[in-house]
Amino acid sequence: MSAPSTPAPAIRLADVYKSFGAVQANRGASLEVRQGEIHALVGENGAGKSTLMRILSGMYGVDSGTIEVAGRDVTGWSTADAIEAGVGMVHQHFMLVPTLTVADNVVLGRELTKHGQLDRARAEHDVAALSRTTGLTVRAGQLVSDLSVGEAQRVEILKTLYRGARILILDEPTAVLSPPEIAELWQVLRQMRERGETIVLITHKLDEVMAISDTITVMRHGQTVGRLRTADTTPREIARAMVGREVQLAGEVGMSERAPRPVRPGDVATMALLDVRDLCVADERRATAVNGVSFSINAGEILGIAGVEGNGQTELLDALAGLRSAESGTIRLAGRDIAALSVRARGDAGLSHIPEDRHARGLVLDFPIADNLILGQQHRFTKAGALDRGRILENARQQIGAYDIRPADPLALARTLSGGNQQKIVIAREMGRAFQVMLAAQPTRGVDVGAIEFIHARLRQARDAGTAILLVSADLAEILALSDRVAVMYGGRIAVVLARADASPEVLGPYMTGAHDDAEHAA
Amino acid sequence: MTGGAVVDRPATPAPAGSGAPPAPARASRRAQIEEAILPPIVALLIAAIVGDMLILSYGQSPGTVYRLLIDGTWGNAYGLGQVLYKATTLTFTGLAVAIGLRAGLFNIGAESQLAAGGFVAALAGILLPSGLPALLTLPLYILAAALGGGIVAGIPGALKARFGAHEVITTIMLNFIVLALLNYLIAVHFKVPDTLHTPDIHAGALPRLSAIAPAFHGSAANIVILLAALTAIAAWWFLFRTRAGFELRATGLQPLAAEYGGVHVGTVWWRAMALSGALAGLGGLNYVLGYKHYYEEGFAGGAGFLGIAVAIVGRSHPLGVALASLLFATMSQGGLAVNAIVPKQIVDVLQAVVIIAVAASVPEVRRLLRGRR
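Chains as they are written, first to last, in my numbering: chain A, 1 to 523; chain B, 524 to 896.
Calculated directly from the structure, the hints in this document are not laboratory data. Take these hints with a grain of salt, some might be off.
Claimed, not checked - Restraint ranges, calculated between C-beta atoms of paired labels, are given here:
1) A:His379 / B:Gln555: 39 to 49 Å
2) A:Ala384 / B:Ser580: 57 to 67 Å
3) A:Arg389 / B:Asp723: 21 to 31 Å
4) A:Ser342 / B:Val715: 48 to 58 Å
5) B:Leu650 / A:Ala384: 47 to 57 Å
Stated by the list, open to error - Among the chain A residues that face chain B by a calculated CB cut under 10 Å, a handful are:
6) Val62
7) Asp63
8) Ser64
9) Gly65
10) Arg346
11) Asp348
12) Ala360
13) Val364
14) Leu375
15) Leu387
16) Pro407
17) Asp409
18) Thr416
19) Val497
As the list claims (entries may be wrong) - Non-contacting residues of chain B with respect to chain A, defined by C-beta distances greater than 10 Å in every case (computed):
20) Asp575
21) Leu577
22) Ile578
23) Leu670
24) Pro730
25) Ala773
26) Leu776
27) Leu779
28) Val876
29) Ile878
C-beta atoms are modelled at their ideal positions from N, C-alpha and C, and glycine is treated no differently.
With these hints in hand, go ahead and build the complete structure from the sequences.
Structure (structure tokens):
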């Protein structure tokens, strides 16, 4: 590349607007990345980071705004154009064919042929060579189904590089990685930077930003709100830009919003409503996912579980809800062992559950709102085996009114609602039933800001009414905003339980990455 | 912000009448109905166009052929009777496949379930003492036919629930096994010499429509058609008005969500399969009780397989199934009526076009409607 006095930035996005129906994902977002740097694009869930990068990689068009790559206006290009120009995106969810080998997956779409036949030997050779030069260690002949998550991600990156990417976009690459795998990834990214390649890292984790990036763009509510040099900033400053309040690190949010409740003697708050002892749960591959977890939650208390996704939270919740059987351990709800009960019996015993994936579990998308509002309680809306449609509709009208679900039409299919309104159905249903213990998993994931406040208020209200709430969230700010106590889950265990006053991202970070664990063992 | 200030606790009843206004409710309902019935109508139009071209390629006028087809089916009492007879069996097998589809299961085995239902009913008829009144024997026959079909379909259902065996594979394979077994039983144990059918049932034969309205003379239509209509209504009520139906539909749409909702998915699967088979089995009564009064090898004659088409075109809705069964019955009877001037296989082609067009147009129409809103 010829070097004029001020070289054109590798990437320049200016004043990008993009909406999906009523949702404005980007409104005046901008981004500038120089060649050969690692740039962190940060912001809370739903800030519009992924949308902006999908626009850059050609998956989405823009409503307005310009996109330039290496000084060339490429606004409105296709994914094929982007690949051609050396822009490659590694998605959060892997897109690999598990029954093919690493080499097959890497060359897929650009297969090498000899006399009309696949030249697999050369493919393996090329991929092995690429693996050596990039430091992305993989065995070209191995089946993808045999790979660990970290290895699969390396294959994804190789795939992108094989297509000639010089600008690599990584969408939350560490969400599923273990700490050593993360360290390896950083190593690889630094090597790529040495070779002059440009990397954009989408993340909402401040420790990653500080560890790896050169420059930072902060997004909030679809807008770019800050541009920082990593060397000149602090996590605190980034957090302030991300959250947009006169923060206070995320750790202090919530404390100020709630007056401490005096604990009265004989208060219900002294009773453990949910008590879990030595719980062990296996995952689909029969590996231990939850390994001897014990905790208890009192009435009028929210226990938040923080941690990197994939450290056993899903399996823990499934086991508590009855969707997965526990290998061993006890689960007591208000003193009664519910470990052997069915999902329905647990619900009747006073368990309410906001599942982490509303599209797969929480809703039947092709059922109307009214039917979704009784899912799990259908036996309570039945007379002699027949559904009581009158009561189902009456219940729907009430809940739609109380939770401002839109459209206010009991017969509208859940599929046609926005994400926030879909989640309100789940919240309305689970809050509406009689319960003593609530499992709230990612209660605000993919929900717009207004609905987040509303849902948080509802959770606090339920807590103040004397229920016990187990909150699991990938969003540390959410955990800190709601919890009375904070636990960290790492590697299937509870690494630590802290009082809210003692918890902050700095304190929790080492536990979330397992670093603290190692230090303790060393001591 | 304090939570309590936002709105009342949902437990406290909202003021009456504060719910949704009825207007949007009706609008969404209408949109859903449009979405359900448009594909079959579009499919019929496409089939009509293809049919025109085929008829023209034989040098005939489409108008003449269609008029002949209508005259030979709905145009006279005998033709209508034949249509109603065929539609009766198709309603049962169509409902069978539809119930399966609603539970997320593709039952390809209605053919053998229909045969088994007919066989067990005929067997019951041979064992019954003669002279019993139909009012007494009918419940027994219903039970027998449902049991025959239900057991044949319950096996793949249980295999699916217990081992995850795919029902498409197991029901196809069971078709071969069950039909061969029935043939063996007939040939070796139950046939009247020099025929391929059992002796007549001793009691409980039901009258043909011609006994009530003599114009139907010669057609096979019989009062089992009332049972078919009642069964369709019952199936609708079960699917949309009972808790079991609610759970069955939830399982079919999203098994994970159903499980979350306290439904034991495996139990729903095997019960839905057994119910599906029982419905197909009831179809055997049309032949055994209403028409020939014995079981004959091969009486199912593809009505089980055609039930798949009926269920798909009927959008797995009992009312749709009833209408689709009339449509397919009309086509297959109409094929005989037009055979003099064009090959009756033209109608087979049209049936296939309808099925393909419905299967293909469902997502298309859906996208169309979404775009319009």
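Quick rundown of the hints versus the structure:
1. Between His379 of chain A and Gln555 of chain B the CB atoms are about 26 Å apart, so this pair departs from the stated range of 39 to 49 Å.
2. For the pair Ala384 of chain A and Ser580 of chain B, the supplied restraint of 57 to 67 Å holds, since their beta-carbon distance comes to about 59 Å.
3. Separation of Arg389 of chain A from Asp723 of chain B is about 47 Å and departs from the stated range, judged on CB atoms against 21 to 31 Å.
4. Between Ser342 of chain A and Val715 of chain B the beta carbons are some 53 Å apart, a value that agrees with the proposed interval 48 to 58 Å.
5. Between Leu650 of chain B and Ala384 of chain A the beta carbon distance is about 35 Å. The supplied range of 47 to 57 Å is therefore violated.
6. Residue-level restraint check for Val62 of chain A is violated (minimum Cβ-Cβ distance to chain B is 21 Å; threshold 10 Å).
7. Interface hint at Asp63 of chain A: violated, since its Cβ lies 18 Å from the closest Cβ of chain B, which is beyond the 10 Å cut-off.
8. With a least beta-carbon distance of about 22 Å to chain B, the hint placing Ser64 of chain A at the interface is violated under the 10 Å criterion.
9. Of the supplied interface hints, the one on Gly65 of chain A is violated, with its beta-carbon coming no nearer than about 25 Å to a beta-carbon of chain B, more than 10 Å.
10. For Arg346 of chain A, the interface hint holds, since its Cβ comes within 10 Å of a Cβ in chain B; the closest pair sits about 9 Å apart.
11. Checking Asp348 of chain A against chain B: minimum C-beta separation of about 9 Å stays under 10 Å; hint holds.
12. At a threshold of 10 Å, the smallest CB-CB gap from Ala360 of chain A to chain B is about 5 Å, leaving the interface hint in force.
13. With a least beta-carbon distance of about 5 Å to chain B, the hint placing Val364 of chain A at the interface is held under the 10 Å criterion.
14. Using the Cβ-Cβ criterion of 10 Å, the hint placing Leu375 of chain A at the interface with chain B is satisfied: the shortest such distance is roughly 4 Å.
15. Proximity of Leu387 of chain A to chain B holds as hinted, the smallest CB-CB distance being about 6 Å (cut-off 10 Å).
16. Taken as an interface hint, Pro407 of chain A checks out: its beta carbon lies about 6 Å from the nearest beta carbon of chain B, inside 10 Å.
17. Hint on Asp409 of chain A holds. Least Cβ distance to chain B is approximately 4 Å, under the 10 Å limit.
18. Here the hint on Thr416 of chain A is kept, as its CB sits about 8 Å from the closest CB of chain B, short of 10 Å.
19. Contact between Val497 of chain A and chain B, as hinted, is not supported at the beta carbon level, the nearest pair being about 25 Å apart and thus beyond 10 Å.
20. At roughly 36 Å from the closest C-beta of chain A, the C-beta of Asp575 of chain B stays outside 10 Å, upholding its exclusion from the interface.
21. Against chain A, the non-interface label of Leu577 of chain B holds: every CB pair exceeds 10 Å, the least being about 37 Å.
22. The non-interface label for Ile578 of chain B is consistent with chain A: the shortest C-beta to C-beta separation is roughly 39 Å, beyond 10 Å.
23. Against the 10 Å criterion, Leu670 of chain B stays outside the reach of chain A, whose nearest CB is about 22 Å from its own CB.
24. Distance check for Pro730 of chain B against chain A: the nearest CB is about 34 Å away, which clears 10 Å, and the non-interface claim stands.
25. Look at Ala773 of chain B: its CB is around 5 Å from the nearest CB on chain A, not clear of 10 Å, so calling it non-interface is violated.
26. Leu776 of chain B, annotated as away from the interface, has a beta carbon of chain A within 10 Å; the closest lies near 5 Å.
27. With a closest Cβ-Cβ approach of about 5 Å to chain A, Leu779 of chain B is found to fall inside the 10 Å limit, against its non-interface label.
28. Chain A leaves Val876 of chain B outside its interface by the beta-carbon criterion, the shortest separation being 27 Å against a cut-off of 10 Å.
29. With a cut of 10 Å on Cβ distances, Ile878 of chain B stays outside the contact zone with chain A, its closest approach being about 22 Å.
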